[in-house]
Amino acid sequence: MTEFSHLNKNNQPTMVDVGGKIVTRRKAVAQCVVILPGHVWEALQKDDFKTKKGSVFQTAIIAGIMAAKRTGELIPLCHPLGLDNCEIDIALSGGHEITIHCSASIEAKTGVEMEALTGASIAALTIYDMCKALSPDIVIKEIKLMEKTGGKSDFKG
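So the sequence shown is numbered by my numbering: it starts at 38 and just counts up by one.
What the hints contain is simulated information worked out from the structure, not anything from laboratory work. Certain hints may be false.
Stated by the list, open to error - Result set (BS3-like, lysine-lysine): computed pairs, CA atoms no more than 30 Å apart in a straight line:
#: 1; residue 1: K90; residue 2: K181
#: 2; residue 1: K58; residue 2: K106
#: 3; residue 1: K106; residue 2: K90
#: 4; residue 1: K181; residue 2: K64
From a predicted model like this one, the values you see are computed outputs, not experimental measurements.
Given only the sequences and the hints, what does the whole structure look like? Please build it.
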């Protein structure tokens with residue numbers, strides 16, 4: 038791609054016209070990493086990743102899925118999509134890291150990269166929200182697209 042896609046011939050913002058595209062099965066996977074300070078990590082492990090607000094990971098999963106479904110409302114030029122599927126997977130890594138993967142899929146004329154990125158991001162922000170009382174030093178990093186399939190060009194990072 039050599040040009041921005043969300044500009045019309047007058048360089049004004051516009052939705053991409055997908056009317057002429059064919060419907061294909063599309064999938065995207067995004068990743069986000071949350072780094073917790075040691076004392077927050079230890080407190081969460083001690084309590085099986087539950088707080089007085091509830092299960093940190095279960096809440097983050099639900100929030101991420103809800104956000105992915107509403108991406109068209111959150112990002113101005115995204116098409117509103119009815120996802121066929123959205124899954125959030127949360128894993129513990131070394132160095133007090135939590136890795137979040139969000140996969141979204143649909144049969145449509147446009148891709149679901151933004152839905153996957155939004156789902157992973159909001160899941161991470163939910164973890165931050167549920168743990169922020171213990172420390173403001175929580176870091177959210179590496180929000181990135183890992184793969185996309187089914188459109189004009191596939192990507193695997």
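These are the hints, each one checked on the structure:
Of the pairs offered as hints, the one joining K90 and K181 holds, with about 28 Å between alpha carbons and a cut-off of 30 Å not exceeded. Only pairs whose Cα atoms come within 30 Å are accepted, and K58 paired with K106 is accepted, the gap being roughly 22 Å. Taken as a hint, the K106 and K90 pair is honoured in the structure, with Cα atoms around 23 Å apart against an allowance of 30 Å. Simply put, K181 and K64 have alpha-carbon atoms about 15 Å apart, close enough for the 30 Å limit, and the pair holds.
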